[in-house]
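Colleague: Please build the complete structure, drawing on both the sequences and the hints.
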Amino acid sequence: MGHAVGDVLGLAAGVAASPLPIVAIILLLATPRGRLNGSLFACGWVLGLALLGAIMLAVGGSGGASADKHPATWVGVLKLVLGVLLALFAVRQWRRRPTDAAQARLPKWMSALDRLTPLKTLGLGLLLSAANTKNAPLTLAAGASISSAGIPVPQQIGALVVFVVIASLGVLAPPAVFLAMGERAQNVLGTWRDRAVRHNAAVMAALFFVLGLKLLGDGIGILAS
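Numbering (our numbering), first residue to last: 1 to 225.
Everything labelled a hint here was simulated from the structure, so no lab data went into it. Among the hints, a few may not be true.
[As the list claims (entries may be wrong)] For each label pair, taking beta carbons as the anchor points, the in silico distance ranges come out as:
no. : residue 1 : residue 2 : range
1   : Gly2      : Ser111    : 40 to 48 Å
2   : Pro152    : Arg95     : 44 to 52 Å
3   : Leu127    : Ala202    : 22 to 30 Å
Note that the coordinates shown come from a computational prediction; the quantities given were computed from them, not determined experimentally. Every residue gets a Cβ at the ideal spot worked out from N, C-alpha and C, and that includes glycine.
Modeller: Structure (structure tokens):
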């Protein structure tokens, strides 16, 4: 299990560094029902990662992801494909970055966050975790790594739990600050929000590129062995 956890720590950190979801939960915390909205968004985020990871574990279990405690060929191919996709996303993100970081703007959909119903807030958290162009490939890759580690199912679930917890730290940090500091958290969270907005494109491009290279390397290593 320790080996499986070690394989997914970098992927979990990549998911945790998600600027726009962090901005979204900060904005939700500033709404009249901040505590409820923030909690529902965080629950949706955790649920999305857990469901996507569990699906990959189930696919890996039924598809023979581990052969004699060695990753199956299809796991290497999957990581190779996901690595290529992330590298392509990195190029696209870099080309779309604003020439001046100070001119970066929030997506238009964030202006409607204060009008979301509780169910839609929960769904937004799930969507931004499980259907995100960065998080979905990383979570699938993490599930594939865990399922191909050749460990029993309970240990696979334990490794997935560790992945989800670490991958959720970025989104869980603002509610923790909000609950701990109360009104004083506004300045701290406002600074986090502004920095995340300004540097979102550069951070995402760098993460796409670095993690894409990691998955490419993992895939090539599995196919070559």
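Colleague: Confirm or reject each hint.
Modeller: Hint check:
1. Range check, Gly2 to Ser111: Cβ separation about 45 Å, and the 40 to 48 Å hint holds.
2. Between Pro152 and Arg95 the C-beta distance comes to about 45 Å, which sits within the given range of 44 to 52 Å.
3. For the pair Leu127 and Ala202, the beta carbons lie near 24 Å from each other, so the given range of 22 to 30 Å is met.
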